[in-house]
Amino acid sequence: MLSLWLGAADQGLAYAGLALGTYLTLRVLNFPDLTVDGSFALGGGTAAVLISQGAPIPFALGLAILFGCLAGVVTGLIHTRLGVNDLFAGILTTTGLYSITLRLMDRSNIPLPETPAGILALPDLGLGLDGQWAVGLTLAMVGLILLISLLLSTDFGLSLRALGNNPTMARANGINQRRGLTVGIAAANGLVALSGALVASYQGFADVTMGIGSLILGLGMVIIGESVLRPRSVPQALLAVVVGAILFRTMIAIALQLGLEPVDLKLATALLLLIALAFGRLRIPGLSDQGRLLG
Amino acid sequence: MSPSPSEPSRFGLTVSGLSWGHPLPGSGWRQLFRNFSLTCPPGQFLVVIGSNGSGKSTLLNLVAGTLRHDSGQIHLGNKPLHKLRDHQRARWIGRVMQNPLEGTCPALTVAENLRLAERRHRPARLIGGGLFAMFGGIHPNGADRRRYRELLGDLGLPLADRLDEPVGQLSGGQRQTLSLVMATLGSPDLLLLDEHTAALDPRAEATVMDLTDRLVRQLGTTALMVTHSLDQALGHGDRLVMLHEGSLIGDWSAAEREDLDPPALRAMYGAAIVAPLPSDSPNGSSAS
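Residue numbers (this note's numbering), protein chains in the order written: chain A, 1 to 295; chain B, 296 to 583.
Looking at chain A on its own, in the form it has when it is part of the complex (with noise of 0.2 Å):
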């Protein structure tokens, strides 16, 4: 049984890098990025080409952040620079992603049998695997949330949050719309490609479907969070939004140690992530009117 929770906490942990990722265009930037589902796979199928030819996980985790980051430069040029909808710019984007994911693997899925060494070299507190996985994707969160937090109190992490929550105000004190959205679109992208290389190093495989309605999940772990936690200041929802992660996978084992049939697993998320919505209509001081986003 605490194989299952620590299984779902890890899994949990390796997708946070989505929600947060999420949490940065929607919340903040309030621009709802459909690349993310482009740039999970785009960060998956790096990875595992990457560490199927034996290189080392630091550089594979570094080469897809830098990928995704590309990729949201790409939907932030899209749209800042030629105008098209938030919306049809992520789906250009990750339409072109499919293609460049499949080019990079060289087929749909890369199978990755044995656990990099850098997670056998941390300790496992006595739980096994699953320990080490656990310590690794803790230390890699917590640094995140610390960065991020710092990154968004910076002047420059201050315009972001303008420029989500009142462009008109923004623009009039001088802040570059363009350059702000396409930078923090990237940063964002970075984040869910480097959550798409976790995944794929603790489950073993890439798939180069692994990214389709990876934004609805990102959501539901954002708002689930939100839900659970109600932070009031930028490092307890980023916290907030890393415990909606493992929450949501831990909902999932749940209901598959339930006797939930795989098959049903779409079905049972697309609920799941319903109900978050529904209760999930809270206002976060210091982000984006969340009432506007869900309109």
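Calculated from the structure, these hints are not laboratory results. Note that the Cβ used here is the ideal one computed from N, Cα and C, for glycine as well. Possibly wrong hints are sitting among the right ones.
What the hints assert, rightly or not - For each label pair, taking beta carbons as the anchor points, the in silico distance ranges come out as: (1) A:F88 with B:A493: 31 to 39 Å; (2) B:D554 with A:F88: 54 to 62 Å; (3) A:S233 with B:D456: 15 to 23 Å.
To be verified - Residues on chain B that point at chain A, a partial pick, calculated with CB under 10 Å: (4) T361; (5) H382; (6) R384; (7) E397; (8) A402; (9) E407; (10) H434; (11) M477.
Position chain B against the provided structure of chain A, taking the given hints into account.
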């Protein structure tokens, strides 16, 4: 940085040969401004009045850069505002919007809003200075808060005690007061006030107008205020102009304005709707 007494503004506003029009619903075109010109000398507080659709707010939007003109030139001193992007213009222009909801970020705190306005004059550089310094450093910090508390206290505003509250929790009048303080942070070269008391109750209106007068006088900033209130038009500013259908139809200095009263102005509004009045343009302005 703060709205403290300073030298009078070195820059005046010059609008010359401005043309702007917009499509009408269905078909057709309305040419609002044709070869429009207006000069506002350095440090002058210019009040603009006119009926609905006369082009008052459009003029402000064209100067601020939120609307793009078809032709003509807009200069602040020797700076060609018409060639700059709106976020670049914002470094020299402070603006208070008509709607209190538009001029501030409701989800950010009072201190964070003030920091955004203060930062307008010092945009973050993404090169050099360490990881967080290159993103503009951590703000608002303790020193920022002390500075804002002192600034708001000096202006006699109770907001000094509410620096860490989200602006969304403030009343409309308080938000507009904050918006005005934000617009004057860093002593902008031009202050644009777009019917900034229109959504306020009489008491809040009086507070905001009193603060407006004090800040404009303290800073010596060139200011352009658009208003529908004839009382404000007759009681504030150094000069009053009246617009109708994109043309300047009246121009009075503060001394000349003494001879006017609200009924007289109201009568001009009515006359302008029938036929534009001739203008003497006593302050070097012209319109056609």
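Results of checking the hints against the structure:
1. A:F88 with B:A493: 31 to 39 Å: holds, 37 Å
2. B:D554 with A:F88: 54 to 62 Å: The hint (54 to 62 Å, Cβ to Cβ) holds, given that B:D554 and A:F88 are roughly 59 Å apart.
3. A:S233 with B:D456: 15 to 23 Å: Since the Cβ atoms of A:S233 and B:D456 sit about 20 Å apart, the hinted range of 15 to 23 Å holds.
4. T361: holds, 8 Å
5. H382: holds, 5 Å
6. R384: holds, 8 Å
7. E397: Because about 5 Å separates B:E397 from the closest Cβ in chain A, which is inside the 10 Å limit, the hint holds.
8. A402: With Cβ-Cβ at 5 Å, under 10 Å, it holds.
9. E407: holds, 6 Å
10. H434: holds, 5 Å
11. M477: holds, 8 Å
Taken one by one, the earlier hints all hold for this structure without exception.
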